[in-house]
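Enquirer: Here is how the chains run, residue by residue.
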Amino acid sequence: MDAPPILLTILACGALLVRVGLGWYVSGICRAKNAAGAVLRNIIDLAVAVIAFWAVGMAVLGGNWAIIGQQRGEVYERVFALMVFVLIGAAPVTGAIAERCKFFPMLLAPALLGGVVIPIAARWIWNTNGWLAKFGVIDVAGASALHVVGGLAAGSAAIIAGARSGKYNRDGSSNLIPGHSVPMASVGVMLMLAGWLPYMLAASLMHSAAELVAINVLLAASAGAIVAVIVSHIRYGKPDIMLTYSGLLGGLVSITAAGGLISPLAAVITGAIAGVIVPTATVVLDMLWHIDDPAGGIAIHAVGGAWAMIAMGIFKPVETWGEKFRFLGVQIVGLLAIAALAIVLSSILFLVLKMTIGLRLHEDAEYDGADLAEHDVNAYPDFSQSMIKSYHLRQV
Amino acid sequence: MDAPPILLTILACGALLVRVGLGWYVSGICRAKNAAGAVLRNIIDLAVAVIAFWAVGMAVLGGNWAIIGQQRGEVYERVFALMVFVLIGAAPVTGAIAERCKFFPMLLAPALLGGVVIPIAARWIWNTNGWLAKFGVIDVAGASALHVVGGLAAGSAAIIAGARSGKYNRDGSSNLIPGHSVPMASVGVMLMLAGWLPYMLAASLMHSAAELVAINVLLAASAGAIVAVIVSHIRYGKPDIMLTYSGLLGGLVSITAAGGLISPLAAVITGAIAGVIVPTATVVLDMLWHIDDPAGGIAIHAVGGAWAMIAMGIFKPVETWGEKFRFLGVQIVGLLAIAALAIVLSSILFLVLKMTIGLRLHEDAEYDGADLAEHDVNAYPDFSQSMIKSYHLRQV
Amino acid sequence: MDAPPILLTILACGALLVRVGLGWYVSGICRAKNAAGAVLRNIIDLAVAVIAFWAVGMAVLGGNWAIIGQQRGEVYERVFALMVFVLIGAAPVTGAIAERCKFFPMLLAPALLGGVVIPIAARWIWNTNGWLAKFGVIDVAGASALHVVGGLAAGSAAIIAGARSGKYNRDGSSNLIPGHSVPMASVGVMLMLAGWLPYMLAASLMHSAAELVAINVLLAASAGAIVAVIVSHIRYGKPDIMLTYSGLLGGLVSITAAGGLISPLAAVITGAIAGVIVPTATVVLDMLWHIDDPAGGIAIHAVGGAWAMIAMGIFKPVETWGEKFRFLGVQIVGLLAIAALAIVLSSILFLVLKMTIGLRLHEDAEYDGADLAEHDVNAYPDFSQSMIKSYHLRQV
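Sequences listed follow chains X, R and C, in order. Plus 137 on top of the position in the first sequence (first one is 1) and you've got our numbering. Plus 137 on top of the position in the second sequence (first one is 1) and you've got our numbering. Plus 137 on top of the position in the third sequence (first one is 1) and you've got our numbering.
No lab work stands behind these hints, which were simulated from the structure alone. Careful, some of the hints might be misleading.
Which copy? The list can't say, so a pair holds if one copy fits it or any two copies do.
Pairs of lysine-lysine residues, derived as DSS-like cross-links and limited to a Cα-Cα distance of at most 27 Å, are as follows [unchecked claim]:
{"id": "1", "residue 1": "K304", "residue 2": "K453"}
{"id": "2", "residue 1": "K375", "residue 2": "K453"}
{"id": "3", "residue 1": "K375", "residue 2": "K271"}
{"id": "4", "residue 1": "K239", "residue 2": "K461"}
{"id": "5", "residue 1": "K491", "residue 2": "K271"}
{"id": "6", "residue 1": "K375", "residue 2": "K239"}
{"id": "7", "residue 1": "K271", "residue 2": "K453"}
{"id": "8", "residue 1": "K304", "residue 2": "K271"}
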């Protein structure tokens, strides 16, 4: 890194805007009765992940058995950047289990992700001695170590927790449960876009100085959004707002493996393909697989992250076709290894939680909403609200 | 530029917050029935402008006929900063035609602005070989190339699209159509202020290292806001919220030509004058000229940008009065040339659109709101909303 | 400072996000009838503080009797950073007197704080010739000069203005008046957290290059939030949302004196203790002392800032116990001197205002809300709102 080390810290500060944007997005996609608790969950999730990474995670990542501040040879700028990256990786879970889970049990998820799972994955892929790094896997900004891990942990949580009451009908059809504030969710998406640039720049500074990365991020996100709005218009006859955002966010995730190592044209193609597969995966997960993920984070992070690893394999400039296929295979091995790690560890956690203290709110508490049932608060006490809504039926 | 090139990228990332703030502002000033689509329009407008600038705009700007990434001698930090500047210049249009236009036709506006109009203006004024640059025009951060262009394109669009239903009465009086969330619009203004500082710093790094620029931006915005709140109190007997914001935003635009090249005292005076003329222009455009611009972007960007060019002519330190008048004349020539470019090209676009595929929503769709009519979504499904409001009558 | 001076400017720009987050927080904790005016007050408060610091404050701080731009030997990067710090220090007042005070009289508060009080305190503690600096007081980021000053000015204002109508009952019990949008307040907290990092980094760059500061800020805030959520659960049987935020924000303030000068472990302990005492102080101020501070800024800034000064005294690495007690005494002297300055000057201002032009809205205007009474606007005109709410009774 030829730039002053403080630049890494400054960029990591900017990367925190991803979590801020997420807070609004997740609140916006909840119903009003869960809107206040959704932000609280996101904030406490962040706090637990920070403390877990400080106490355990950095030791796991660096193999240096002490809390942050007591380790030998720490470069604090790098430690801080890794801490913020962990927060980005841990993010999708709160959205996937929104509107139906108890407050305290779920805080073990950021503890596990920030303290163990993401640090192990990061150690494999980012430490020069990590076995996937030595194997040749390239993942500039954590497509696998952050996004696949976070997305699959979110998937485990959503499957094990089960769907929200009223989400699926007896005939197998699915209801759309609209969020209480589409504008709030939308501006959250914009802020995540703005925070993604410093996040990717910070990661590029650490792993490969890449001057193209900012341009590529904007291009991939734009291509993802434009393709998704067209796809949704073809499929549903209207420019669908939430599917467009899943395309945009999928475009952001799809560039996390390659960053600035591929050409802008390749970034546009990568984002455009994400703009097809991520919204499609969102619909398939919901309507065919009946996995209830209110925020759509499984498709965005797990599918987008997997595509990012593969896209890096496809678009990285190499000499021969043989080399290309070999490198593509290496990327897929890395992806599968980290996916297995994430699925196994997070499934164990959520299954143990489910069988012991329980994950779900009581049915009446879910009906009343977590705000009233758990926090004794009304998110919008000055406004007339309708508690029961007729849901839209979505058909395949 | 003596600072590391990555600083330009970091500042341009921060400048994106202007667009994020705009998203909230524009959503807040719309009625609830258009609130979700307003943010979507802003996001897709951004995406189209990015792709247009990548595919065509940078080639137009640099005279280097290839897409970004394939050009010779690109400095990617500079290209990225220009891309973000283009997003700021293209911003006013979505606000000016809010609440009445169809989704897809309007996406040609960012394509034209990002691919052609702003690049031509930037080439004239920022390239060392540009004819206005050689002529002596000084425009540090795009008062003409971004704000006058964007504001006049917004004006063309608003005039050609026509006013919202119910905006003007038969007797020539005008109704105020209040936005659905003044707090959301207000916090958008705050975020635009926060984003304006890195935007101006990035532009100053590119064109003239100016250590005073951050101080001048805060001073001009503060002076604009304070004067506007006093003017509105004198004129209407109350501190008017939206007029105060137009003064603040006008103050921000008014410093874009001079940046850090004038003294802080001159920045205060520049912003204070913007705090008079921009709110006044907002009222005149609405009540006398009957141009319906829900977001007030025409006054803020076109009038504010024109004043910025003139203020630079007045306040730039020179030796003699003769030199001052000559330079002021140069600035006005630059302003008029770029204004003509913007009016001609954008009027052609919107007239062609109006005569072919059409700009306006059907009257019943406008009545229902774009959210329901075009996106089949309710921005706030959990809240009791009133569709029909009695508008305030504004009198001259 | 070994980093390029422009980094200080960039960080100070990021620090402005603290004020942006505050704008949302303060609007969210107001009732809907005061929500629009709350943001306007925050913005104009900012504008007045900027102009006051430009015209008078920097001269007071530097002993260089001229406005900014006319002084000898100014380092503009430092002047700009100080200007933003002043904005952070002046912030708590608008929240403490929300929902009951007139618009124009209150603008003298940022004028006094930005022009006189904070500059004097900063001169004492940050100028190498300041008497507290020479005495040995260490306050990296303004725990005393910004937060104790702002918090105590807010306290003076809240006491002298008196409580909102309906806040306290005849039997001495207190009503909780819930804010109109908990999600808006919550995302404001998240943005303040994101802005706190560049604020603390900027201060550390100016006073003591400290690579640990970013890590310590995240740790202190996280510890404060986690402890506060547990404390509120023990005390009230639920994870209380607003008390958790006061713990988080108290954690942020508690690290402002020490910054990166203490170990991460000490930062965790400092934040954790803030997570107990700041929420407790919030409740005590309200229920026992009957000081009505809607935003809780007195506890967060005054109590949090006082604890920050003491924590610096406790945790700074020194050789002997004698040295530790001596330094702790020095910190307490600095704290008391600055507290006295803030209380005296701000009490005089608010008492004079109360006895002359008056601070309070008329009772009917307070009942109608400042939005309607002073600004003739409805913050949310499209939504059905309930003007009269039954308040929660809070018991000791």
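Enquirer: Look at each hint and say if it fits the structure.
Expert: Structure-based check of each hint:
no.	hint	result
1	K304 - K453	neither (42 Å within a copy, 55 Å between copies)
2	K375 - K453	neither (36 Å within a copy, 52 Å between copies)
3	K375 - K271	neither (47 Å within a copy, 49 Å between copies)
4	K239 - K461	neither (47 Å within a copy, 45 Å between copies)
5	K491 - K271	neither (38 Å within a copy, 60 Å between copies)
6	K375 - K239	between (36 Å within a copy, 12 Å between copies)
7	K271 - K453	within (18 Å within a copy, 42 Å between copies)
8	K304 - K271	neither (45 Å within a copy, 65 Å between copies)
Checked against the numbered hints above, the structure violates hints 1, 2, 3, 4, 5 and 8; every other hint is satisfied.
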